[in-house]
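Participant: Make the complex out of the two chains shown on their own, each in a separate frame, by following the hints.
Line by line, the protein sequences are chains A and B.
Under the working numbering, the first residue of the first sequence carries the number 295, and numbering increases by one thereafter.
Under the working numbering, the first residue of the second sequence carries the number 1184, and numbering increases by one thereafter.
No wet-lab data here; the hints were simulated from the structure.
As the structure is a computational prediction, the values presented were derived from the model and not from experiment.
From the three backbone atoms N, C-alpha and C, an ideal C-beta is built for every residue, glycine too.
Do not take every clue at face value.
Computed spacing ranges between beta-carbons, pair by pair [said to hold, decoys possible]:
no. : chain 1 : residue 1 : chain 2 : residue 2 : range
1   : B       : 1374      : A       : 350       : 38 to 46 Å
2   : A       : 456       : B       : 1420      : 51 to 59 Å
3   : B       : 1242      : A       : 523       : 28 to 36 Å
4   : B       : 1283      : A       : 505       : 50 to 58 Å
5   : B       : 1416      : A       : 535       : 51 to 59 Å
6   : B       : 1425      : A       : 396       : 49 to 57 Å
7   : B       : 1235      : A       : 453       : 53 to 61 Å
8   : A       : 432       : B       : 1392      : 49 to 57 Å
9   : A       : 392       : B       : 1431      : 54 to 62 Å
10  : A       : 458       : B       : 1235      : 29 to 37 Å
11  : B       : 1242      : A       : 456       : 55 to 63 Å
12  : B       : 1412      : A       : 487       : 27 to 35 Å
13  : A       : 523       : B       : 1235      : 21 to 29 Å
14  : A       : 487       : B       : 1355      : 44 to 52 Å
One-sided and incomplete, this derived list gives chain B residues near chain A with beta-carbon spacing under 8 Å [said to hold, decoys possible]:
no. : residue
15  : 1228
16  : 1232
17  : 1247
Think about it this way: if two alpha-carbon atoms lie no more than 30 Å apart in a straight line, the pair counts; the simulated DSBU-like pairs of lysine-lysine are [to be verified]:
no. : chain 1 : residue 1 : chain 2 : residue 2
18  : B       : 1402      : A       : 474
19  : B       : 1243      : A       : 432
20  : A       : 480       : B       : 1393
21  : A       : 523       : B       : 1393
22  : B       : 1243      : A       : 351
23  : A       : 535       : A       : 503
24  : A       : 502       : A       : 532
25  : B       : 1359      : B       : 1278
26  : B       : 1228      : A       : 550
27  : A       : 523       : A       : 463
28  : B       : 1241      : A       : 400
29  : A       : 506       : A       : 554
30  : A       : 523       : B       : 1335
31  : A       : 370       : B       : 1424
32  : A       : 532       : A       : 474
33  : B       : 1377      : B       : 1335
34  : A       : 463       : A       : 371
35  : A       : 351       : B       : 1228
36  : B       : 1431      : B       : 1355
37  : B       : 1241      : A       : 351
38  : B       : 1337      : B       : 1355
39  : B       : 1313      : A       : 426
40  : B       : 1241      : A       : 366
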Amino acid sequence: MSSRRDFIKSMIMGGALLGLNATPLRLLAKNNLIKITILHTNDTHSRIEPFPYSDPKYPGLGGFAKRAALIKEIRKKEQNVLLLDAGDTFQGSPYFNFYGGELELKLMNEMGYDAATLGNHEFDNGLLGLQKQIPNAKFPFICSNYDFSDTIINGMTKPYIVLMKDDIKIGIFGLGIELKGLVDKKNYGNTLYFNPYEKAAEYAHLLKKEKKCDIVICMSHLGYSSNDKQACDYNLAKQSKNIDLIVGGHSHTLLKNPVKMYNSDGKIIYIGQVGWGGAYLGRFDFYIDKSTRKKFVENNTIKIFNNQV
Amino acid sequence: MYKYIFRNSLFFVSLILLVIACKPTGIITKYEAQIIALDTTHVAKDDSVALLIIAPYKQKIEAEMNQVIGYTTIAMDKGKPEALLSNFIADLILKKANDYYITSDSQKIDMCLLNTGGLRASLPNGKILKSNIFDLMPFNNELVVITLNGDKTKEMFEYIVSKGGEPISGFKMGIKDTNAVNIIINNTPFDKSKAYKIVTSDYLANGGDKMIFFNNPIKVELLNHQIRDAIIEYFIEENNKGNKLRSKLDKRIYYE
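Pulled out of the complex, with its shape left as it was, chain B reads as follows (with noise of 0.2 Å):
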């Protein structure tokens, strides 16, 4: 029989005890259990040598994150069908991934896919820390370049139909019931009988988040970069140009 006893306060720890009752063989037969609330004012305090550990590494991290890496002119957010957060790193993360991409065919990465999910904060207006990025992006994803052949990219299209909007650079598309519908990549119509390259995380790649259609592609090319230390550089790169960044909607997502 189990009883539990919880107790919310901080000075508290909560214990489970569990006791086990053994017969002379050695062989357990039966067992009780019950969580012990222990006033434990002894042990909810920090140790004082753990905290001098921390001190001089924690003092650098938080010059490290509290560095301005930029400006943006608008507060940004993710959302559905497109968004100005979503729509932001997308475009951003299109140009740096082409940037380090070194193609072998001379076919330039057309289209990025992220996650709304993946955006773990919003941007504000203003000053941007690196530790706003960090919390946007506290995931160390590396980017990935995925070569799929024209059914597969339907397929894509399909599943940020299905999803009602992802974030996503480089295409236009409508969304018409269940269906996407005029399809603009580049400027130009969807071709189901072309290869296209896309970049995304690693962990979209291999399959997360349910983009099976990633799965058993033409090819997987790893750009050996981070997305996070992507939109690092990009607010870098743009605030020594002196750009303070914004973000517009476009419906490159739209519903006809």
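Chain A extracted, bound-state conformation (with noise of 0.2 Å):
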């Protein structure tokens, strides 16, 4: 199994066995566990280029075409994977007010994004803007608890889908932010904005129990943390049900290890954010047992450099 070996040769690449426990590489080895390998990213923020080597956060860090060889890479080694975005693709850059987010998704599209959410960024240029660049993406946006039936972009993305990774079923439903407040009206115009934790509870259910999903993934826009009058992530994953991941984005916040939470049955949910500027892609491993569908999880945030001096 390819996958095996490449686990035990980055181990053995980056140094000592830390005292590692050794049960997935023993269960990995048993054959009838399925790796799906998820890819994260949110709040890239038009940062075509890398950021500058002057900068204070993340000097040299990050660019579109390094994250693409990257996803690159990775997809040689895995068979399964799965590349989701959290919102704020747009703005941040001059390539954003020249080209309105049409070069951003067109490099999204040659890395092979499955889905993204929309962020409040991807409302700057006003509906009308959305509506000249989502034909650009050959991935779906997903919005659950946004209703755009009374505006232009009426149609233009789904509330949930389902996907296959070998024979493991993936559902993934996107949540927003409230656009009143942080969104100029004229630029969102009609879109309604819903709970986003009513939204979660009534769609995690649908992929979780009806369509019998394996995992079940929520892309968010809300931000890790907040006061307790705006939703967020942490609260999300406190009071939810049936998700089993959150990729996060909005806060910028850098989770170097992914949040392990328990959610109000009791089960393990986890948060992924990783910065913003594409500086970081974020990395969860499932592995899921054929036979009893249980799932074991790797993380990694992939640090993404820059070389070219």
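Facilitator: Here is the structure:
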């Protein structure tokens, strides 16, 4: 099993196996585990070029071409790769000011994104801007708590999707932040916003219980944490059911280790978020036992370096 | 237990590997984590297909950004209580905002208030490129006209005192201890019984930089123009008239 070889190789290359629990390795050897590799980004903010070396936070990191190279490498090694973005692809460099997001979406097509959700900055050129740009994406935009029925982008987003990887069923839905007060009304028009916790409960139940998904993923642009008034990933995770993973955005939080929590049913849920500007790529590896459908999880946050001096 | 191994080479990718061990029940009972540095010369290279996609866009942007939009005769930087760049930008914003503004009550915009933190780069002496303005003002903030009553306007002056000065235009004020004194707006002393119109950014109007005096104003009017666009337009207009731009200190904010 090639994934097993790579796994062992990466451990050896990395140095000593510092007290690493061998359970997942032993289980892998049983050959009935399916590995699902989930890669995620958020708030890439039109950072086509890497951060400059003078950047105080992410010097020399990122760049879409670097990310594309890394993702292609991972795809060579892994059979079941899922690539997701949690919003705010737009805004932050002249590439957006000049081209309105067209280049960002073309590059995401090249990287093979499976889905993305809309962040507040996706509305920066108004609904007209979205109407113009969404067709450039070969992947769907998933919005479960925005209703665009009375807008010009009606029908251009989906409330959820179900994907098959190997014979594992993966359900994905997406949550957006309240636009009122954050985005100029003229830019979101008659978009209706619904309580993200309620919509999460509705779609997670649909995906897990009715569609029988093995993994349910929420792409969220709510932000990792907030005061009590505003919905956030941390509180969503705590009170949720039927969600296995939240890939988050908006707050530009760099979770170097994923946050592991227990949901309201006492089941484990993970939250990942990788800063902003495409400096990092988040990675979760879910191992699923074919016979019992039990999940085992590994997480990586990959720093994207720039070697173009 | 977490064990971190850091490698700072550009040719390495740091990878946090978290392995979670499970009991047969599927409930996660323990986990261990470590950071593993991987040799990744194979991923540290840019993807050639992506670079090809980017190239034509990049060329056009660089051509656009390298456009000369005007000239200065002095280098300008921000500072407190006043500074060349702060005065220059606030003055041009007040002028451009009044060009854009269609007043409903014959009162023009009296003042401009911006924030020093929002000016992200200095301007050189000489040729000004469009990229200089993107460096100076990377944000896409919109211009907003706020009408404040006298009490709130006074709070604004006190805020400026507390900050030791901010980019302003349309008025002069002294700082005496912790008070704003001798406030002259458009050659007339500040009148607390009057309402004033202030142009600022939507970011500040929404309470950014703790400008809470902008909360619950008499009126909010959007100009539907971005600050950066206003600056670029101003440069191009003045350049077309053959004017090179300068700035001076005029004691608009001073310590008594």
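Participant: Each hint: holds or not?
Facilitator: Checked hints:
no.	hint	verdict
1	B:1374 to A:350: 38 to 46 Å	holds (45 Å)
2	A:456 to B:1420: 51 to 59 Å	holds (56 Å)
3	B:1242 to A:523: 28 to 36 Å	violated (46 Å)
4	B:1283 to A:505: 50 to 58 Å	holds (52 Å)
5	B:1416 to A:535: 51 to 59 Å	holds (54 Å)
6	B:1425 to A:396: 49 to 57 Å	violated (37 Å)
7	B:1235 to A:453: 53 to 61 Å	violated (35 Å)
8	A:432 to B:1392: 49 to 57 Å	violated (41 Å)
9	A:392 to B:1431: 54 to 62 Å	violated (35 Å)
10	A:458 to B:1235: 29 to 37 Å	holds (32 Å)
11	B:1242 to A:456: 55 to 63 Å	violated (41 Å)
12	B:1412 to A:487: 27 to 35 Å	holds (29 Å)
13	A:523 to B:1235: 21 to 29 Å	violated (47 Å)
14	A:487 to B:1355: 44 to 52 Å	holds (45 Å)
15	1228	holds (6 Å)
16	1232	holds (6 Å)
17	1247	holds (7 Å)
18	B:1402 to A:474	holds (18 Å)
19	B:1243 to A:432	holds (24 Å)
20	A:480 to B:1393	holds (25 Å)
21	A:523 to B:1393	holds (19 Å)
22	B:1243 to A:351	holds (28 Å)
23	A:535 to A:503	holds (11 Å)
24	A:502 to A:532	holds (17 Å)
25	B:1359 to B:1278	holds (29 Å)
26	B:1228 to A:550	holds (23 Å)
27	A:523 to A:463	violated (34 Å)
28	B:1241 to A:400	holds (14 Å)
29	A:506 to A:554	holds (23 Å)
30	A:523 to B:1335	holds (27 Å)
31	A:370 to B:1424	violated (60 Å)
32	A:532 to A:474	holds (25 Å)
33	B:1377 to B:1335	holds (11 Å)
34	A:463 to A:371	holds (21 Å)
35	A:351 to B:1228	holds (22 Å)
36	B:1431 to B:1355	holds (14 Å)
37	B:1241 to A:351	holds (24 Å)
38	B:1337 to B:1355	holds (13 Å)
39	B:1313 to A:426	holds (26 Å)
40	B:1241 to A:366	holds (23 Å)
Violation of the numbered hints given earlier is confined to hints 3, 6, 7, 8, 9, 11, 13, 27 and 31; the remaining hints are satisfied by the structure.
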